[in-house]
Amino acid sequence: MKFQYKVSGRPVLNIPRNCTVLASRPGFHVVLNGQKVVPLIVARGGGGVHVFSRGMTRKVSVRNAVERVQAANNAVLAPLPAVVARVLVAPGDRVSQGQALVVVSAMKVEFTLVAGCDGVVQEVRVKEGEKVKLGQVLVLLSGAEVEDGSHDSA
Amino acid sequence: MFKKVLVANRGDAAVRVIRTLREMGIGAVAVFSEADRDGLHVALADEAVALGDSEPSKSYCNIEKVIGAAKATGCDAVHPGYGFLAEDAGFARAVLDAGLAFIGPSPEVLVLVGNKVEARSLLAEAGIDIVPGSQDVISGEWAEKEAERIGYPLLVKSVVGGGGRGIRVAQKPADLASALREASDESFAAFLDKRVYLEKLLERPRHIEVQVIRDRYGGAVHLFERECSLQRRFQKVIEESPAPGLSEVLKEAIANTALRAMETLRFEGVGTVEFLLDRRGRFWFLEANPRLQVEHPVTEMRTGLDLVRLQIEIACGMGLSLRQEDVHSIGHAIECRIYAEDPQSGFAPRSGPILMLRPPGGPGVRADLAVIEGSSLSQEYDPLIAKVVVLAEDRTRAISRMVRALEETVVLGVDTSIEFLRDILKSDRFISGNIDTSYLEEFAKCWKPDESFDAWAALGYRLECSSSADQAKVSQLAPLSPWKALKHFGR
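These protein sequence lines map, in sequence, to chains A and B. Number 98 in this note's numbering belongs to position 109 of the first sequence; there are no gaps in the numbering. Position in the second sequence (first residue = 1) + 1113 = this note's numbering.
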């Protein structure tokens, strides 16, 4: 099996080598070519390691390089843990790209989630007032072209 | 002077007020919701009273519970902080009716200032330029006619809103209906008031505001202006004073207009008058804030004054001892608000545990933390982690100092805006002072975190998950098994 570093969601293939490391709880000082120092402060939690250096922070995790099957493009996912404030569409509705589908609210802010493409609402999986998790599927769309059966690769 | 004051707030607002109360030898009583048991404000207060459920309407915004806590602890005054009930005239009235002092303006002034439509027309009558807009609360067909008269693009704004909530943009007539509905719904959700009005959306204005202090005897001073143009979702993110690039004559004119506005509104206490300024130096009244503001530390740094102390003195009936000529500028101040949010996904707020929190230090740096290391950011509240404020001899040095301070600020556990803030401070447009209310969101569109750091972060992971014997030489590290590494988690 192959493994891959994910740094704040981005894959990293090669990590620096040939450097000297000084432990410095809670972190490390990395010495490169005998001079450049990269201070790294680290903390564990939330299924990963959080790394800080000079104003930058990254969350690092390691996962199997074979990605889990992503939800289809026409699935509308919760962008953060939130409460569903309003559901603006019902199954069978024809929607166009950019049209508002669901409004979720978190931390006093409302987020309007819009259709990424033209299509028809296939399924609405949440109700108003429901708490949703990060990445939870809220609404499923089916592409209009697919339904028409005229294009396969649209 | 008051003996004991209840602070009806949480986070940085409560912490800020409690600090001054302690310096003045006044007892400080905190209140806290279920989610804030480990709140920083609870740790700093002399006494703390539990309010119950985390939802604001059942805790910080529950007038009965807050006043009950003040009476039960023998307080003689209530400080509302900012946000929650700070601008609620009903709350101020209930505090007075309970025989306690309210550290803020009278309920009558709060009603007047809080109704933006009324405040606007009163000031227009007094000869102050207001941002063009509808004179009345708006709905349906009448809204379309008014919108045509004012001209697009325009804003639909809550009559009682604040903190950037209850505002929607209508770029063209087709947007109006949904903007009306959304602004109205958000206003109702936040303030239990559906009323909205229309305001012209000025193209690329600057947001300039003036800190004003007035006592009940008519004594009044301004504490200079603040430049607050860098905003997202109508919420300020970076503020500074003095405002760069404005002539002394213009700044004086804006400050004097602010004093006149507060006099017209018969304001008492510490408050702010906000203006929009265009490129030709014309400025219009936007709104008045009858309370302390999140960004007040900018003014405290520039003037060396304690605004909360002045506010408390005025509330217990003392006359303002400051005259305008006593107010001195001692440098250039900048504030950055550090939020748990992701600048790359529309500044979506983040919640979760704060694994590590280390404020910056050194000369001219002030860090007002809103949370404590080891606590969790709750979804219920504003995701502010800290405000970092710097003071230096001039703007150039203040910018360098802020960049340095941000690079020292360690927040681990949640995504934050720190790297984004650092990069915008280093951008040419910010450095030149050529900023307006659109700049921050434009900058965010093409901003990316520095990907060259990713590999170092991965190294940090690898080191953290290796045995200490392996750590001395990276070249000698054994191939990594993630399963071995991950077994450490969850402890």
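Hints are computed from structural coordinates only; laboratory data are not their basis. Keep in mind that a hint or two might mislead.
[Said to hold, decoys possible] Here are the simulated lysine to aspartate or glutamate pairs, DMTMM-like style, with alpha carbons at most 25 Å apart:
no., chain 1, residue 1, chain 2, residue 2
1, B, Lys1171, B, Glu1136
2, B, Lys1184, B, Glu1221
3, B, Lys1307, A, Glu119
4, A, Lys(-5), B, Glu1231
5, B, Lys1171, A, Asp107
6, A, Lys(-5), B, Asp1536
7, A, Lys120, B, Asp1563
Results for each hint:
1. Restraint check: the Cα-Cα separation between Lys1171(B) and Glu1136(B) comes to about 31 Å, which exceeds 25 Å; the hinted pair is violated.
2. Restraint check: the Cα-Cα separation between Lys1184(B) and Glu1221(B) comes to about 23 Å, which is no more than 25 Å; the hinted pair holds.
3. Using a Cα cut-off of 25 Å, the hinted pair Lys1307(B) and Glu119(A) holds, with the two alpha carbons roughly 23 Å apart.
4. About 54 Å separates the Cα atoms of Lys(-5)(A) and Glu1231(B), which puts this hinted pair outside 25 Å; it is violated.
5. For the proposed pair Lys1171(B) and Asp107(A), the alpha carbon gap of about 42 Å is over 25 Å, so the pair is violated.
6. Straight-line distance between C-alpha atoms of Lys(-5)(A) and Asp1536(B) comes to about 23 Å, which keeps the hinted pair within the 25 Å bound.
7. Distance hint between Lys120(A) and Asp1563(B) is unfulfilled; the C-alpha atoms sit about 34 Å from each other, more than 25 Å.
Against the hints set out earlier in the document, violations occur for numbers 1, 4, 5, 7.
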